[in-house]
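In case you want the letters, here they are:
Number of protein chains: 2
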Amino acid sequence: MERIRPHTLSGFMELTPDKQLRFERMAEVLRSTYALYGFTPLDTPVIEAAEVLLAKGGGETEKQIYRFTKGDSDLALRFDLTVPLAKYVALNYGQLAFPFRRFQIGKVYRGERAQRGRFREFYQADIDVIGDGSLDIMNEAEIPSIIYRTFRSLGLERFVIRVNNRKILNGFYAMLGLTDKAGAIMRTVDKLDKIGAAKVRALLADECGVSPADADEILRFISIGGSNAEVLARLEDYRGRESVFDAGLDELATVIRYLSAFGVPETHFAADLTIARGLDYYTGTVYETVVTDHPEVGSVCSGGRYDDLAGYYTDKKLPGVGISIGLTRLFFVLDDQGLLNPELTLAPADALVIPMTDDLSAAVSLATALREAGVRTQLYAEKKKFKARMSYADRLSVPFAVIIGEDEIASGSASVKNMRTGEQVTVPAGDAAGVIKAGLSAFGSGRLIRG
Amino acid sequence: MERIRPHTLSGFMELTPDKQLRFERMAEVLRSTYALYGFTPLDTPVIEAAEVLLAKGGGETEKQIYRFTKGDSDLALRFDLTVPLAKYVALNYGQLAFPFRRFQIGKVYRGERAQRGRFREFYQADIDVIGDGSLDIMNEAEIPSIIYRTFRSLGLERFVIRVNNRKILNGFYAMLGLTDKAGAIMRTVDKLDKIGAAKVRALLADECGVSPADADEILRFISIGGSNAEVLARLEDYRGRESVFDAGLDELATVIRYLSAFGVPETHFAADLTIARGLDYYTGTVYETVVTDHPEVGSVCSGGRYDDLAGYYTDKKLPGVGISIGLTRLFFVLDDQGLLNPELTLAPADALVIPMTDDLSAAVSLATALREAGVRTQLYAEKKKFKARMSYADRLSVPFAVIIGEDEIASGSASVKNMRTGEQVTVPAGDAAGVIKAGLSAFGSGRLIRG
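As you go down the protein sequences, you meet chains A and B in turn. As numbered in the numbering used here, residues -11 to 439 make up the first sequence, in order. As numbered in the numbering used here, residues -11 to 439 make up the second sequence, in order.
Take these hints with a grain of salt, some might be off.
Treat identical chains as interchangeable: a pair holds within one or across any two.
[As the list claims (entries may be wrong)] Quick list of in silico lysine-lysine cross-link-like pairs, DSS-like style, CA-CA up to 25 Å:
hint	residue 1	residue 2
1	373	305
2	373	182
3	169	179
4	304	372
5	44	169
6	304	373
7	371	305
8	58	44
9	371	304
10	304	375
11	187	169
12	44	304
13	372	305
14	371	187
15	182	169
16	305	375
17	44	305
18	7	372
It should be emphasised that the hints constitute simulated quantities derived from the structure, not laboratory data.
With the rest of the complex left out, here is chain A (with noise of 0.2 Å):
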């Protein structure tokens, strides 16, 4: 037979079991923590008609896509999960109810060019809360309740969720009469972490053509920082000037007031000038989310506010607030900056029943009986030596091997070894399943981050 080399395409993510069971771990804390917050589970094609998908239109994204046709329809596959969320509100608006709380964990295609730790399919975790024609910004405000629960519930401990409003860059840029160059002064100043203080300064002269007194004003406001109590402090001084900088002021004292109540500790939460995502299409408050110890990856969660979810699609005022975590990638960083906690053991089964007679009943029926009390269960079938089963039994990293010889046969018995101390004891049957599962608290219980 000609054979075919088996491979997968560059840029595609293909787990080992082990770290697929961490992966998984991982959508797991994400998909709970989001249900917690009452956010409805969605599902939409991967496969959309490309006038739908497209009907921003526009730049990079039309080049990155995945567009082909079938019989005579022109198809894409999704880029990411907002338009598809656009053009199910906009379909299904009459049955739904509003504020619209989904979120979807699904994957997305662009074919960006290959590079290590870039994906061309990659799994997206969104969260939005969509309103019908308005939305208050108590949503806006409980965001960082969600990013924070959500990373701690992987295990993170050092990561700040760094916000801001854009309603305060517009306003204050308003008040500098700025505001047909604000897009591109936004882009520029965004690039300080990277390239520092005085050549964003060159380069908003040059690029944006903004004055020296202009560009130190800039420099001057972005650069407010200290206590969440200390930022707002600043920013009063600049109350009374232009109406959409005070909205976006109490905007942000609205959300910064309540996270205490939310359960976000001051530690983990920043008000910072300087974030202004690089969308056209945000409105009011954006995050963006760092790992304390890894600001290299960049932001880990990001989103925001914005005013007009579906006018490519309808005549409807759909305001909303969303954040998405790049799941695929994130993964890749933990796994590649050592940040999997090795601690956590996690394994397909909890026990694996190992029979030692050619007569398996016995075997079968203990492992019946385990599966039927949630212990999960394989049996080793295989007719292999002792040390080939207990072999296997580590390699699948198994917390419990249950061993059925004749001995145990005849006195109704069951040997439980536990793999991780070696330890083993000879119980009833019918207690194996109790003995198990008072062990397994050991396992798995860890968190899937560490640090």
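Position chain B relative to chain A; hints supplied.
What follows is chain B alone, placed relative to chain A:
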């Protein structure tokens, strides 16, 4: 702004939130049942190199496949989960412990003719056990137990797992000297249910070139029925004439012998000699699952034993056994036939916190405390009338509304309303989570399927 009509492609399932919650429940039951048997989750790319996916080549599959180029890559969307598994095992052979037991629930793509109840994008939920060189018959004996538990966990009561063994069929046709014609005969015999014995006899003569005597012999053979013991007894009459037949009979006897230890009642299992499964691929035990009251739906879970998973990619012999559930079609049929249990209340949240004051601190703190306690909680923050708020709670089907007004704030309490019974109690805020959790057991615990 020019607007694009939002639409979802024909043949692509996209559900309203209430149905999506049911679909998620179904997928979750499958995930947890598969995990109970020690299968490890796997996730492979949706896109593969066309040459990899089409290594086997041929026929219907190739016509239906979504295939396109991106840059100079010839790509295709997976049309099942078996070919990607074969690629995965061949590619990662050295890193896997065998038997390798994996489950995968994922979307696959087939450009079928658009038709009601036919999907071009649909979920398959597969399990497979792959051996390295050999795989014990006990793995085949375990499969009915997995099917049984899966459908019972979904709530289905009246269904039958029909089992046959390809070696019995192949051996039988060898006895008659009809090995060359066995494929054609099996395809004809497969129509017995639909067209009846007389037409099958005619087709056997006209299309397969089988003599009248042999046709009678074949019809007599496949009409063997009765209890499992009776079927085995009648098959024993053929023993000793053909070694492949004898091996198949031994395997079937083993599968039946362990049924009860695996927890499968005889009522839900039938040895059925008419089952062949279309694919030439299967070499041993084959499975179909039919819903007793809806035979017209066809098999809802099928699979079998194969001897060569990945011959197109590797010279390693990798025998396996697997089953597949077409989840999207199953859900469509259940919904369409009214088999989804309307008594099962599923909601995106357990509780909706409704603040009645301008300052939301107390409501936010309570929502945070409820989430801390594991209660899925939504905070209603819109400035709407009370009636609109309660109507929102109704539309979401949330079991509990928690009202926080001035009285509650003053007394540190919360008013918890059971939305189903209408009963409302005012309790200390710290007790609200307990009241809700106690009441939740009545919700969402029902069966997904009725009957």
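Against the structure, the hints come out as follows:
1. 373 x 305: So residue 373 and residue 305 pass the 25 Å test across copies only (20 Å; inside, 69 Å).
2. 373 x 182: Answer is neither; intra-copy 60 Å and inter-copy 49 Å both fail.
3. 169 x 179: Within. Shortest intra-copy distance 16 Å satisfies the 25 Å Cα cut-off; inter-copy 73 Å does not.
4. 304 x 372: between (66 Å within a copy, 19 Å between copies)
5. 44 x 169: This pair counts as within: shortest intra-copy Cα distance 23 Å, inter-copy 58 Å.
6. 304 x 373: between (69 Å within a copy, 21 Å between copies)
7. 371 x 305: between (66 Å within a copy, 17 Å between copies)
8. 58 x 44: Both. Shortest intra-copy (23 Å) and inter-copy (22 Å) distances satisfy the 25 Å Cα cut-off.
9. 371 x 304: This pair counts as between: shortest inter-copy Cα distance 19 Å, intra-copy 66 Å.
10. 304 x 375: between (67 Å within a copy, 23 Å between copies)
11. 187 x 169: So residue 187 and residue 169 pass the 25 Å test inside one copy only (18 Å; across, 81 Å).
12. 44 x 304: within (16 Å within a copy, 50 Å between copies)
13. 372 x 305: Result: close only across copies, 17 Å inter versus 66 Å intra.
14. 371 x 187: For residue 371 and residue 187, neither the intra-copy (71 Å) nor the inter-copy (46 Å) Cα distance is at most 25 Å.
15. 182 x 169: The answer is within: 21 Å in one copy meets 25 Å, while 73 Å across copies does not.
16. 305 x 375: between (67 Å within a copy, 23 Å between copies)
17. 44 x 305: within (16 Å within a copy, 51 Å between copies)
18. 7 x 372: The answer is neither: 27 Å in one copy and 47 Å across copies each exceed 25 Å.
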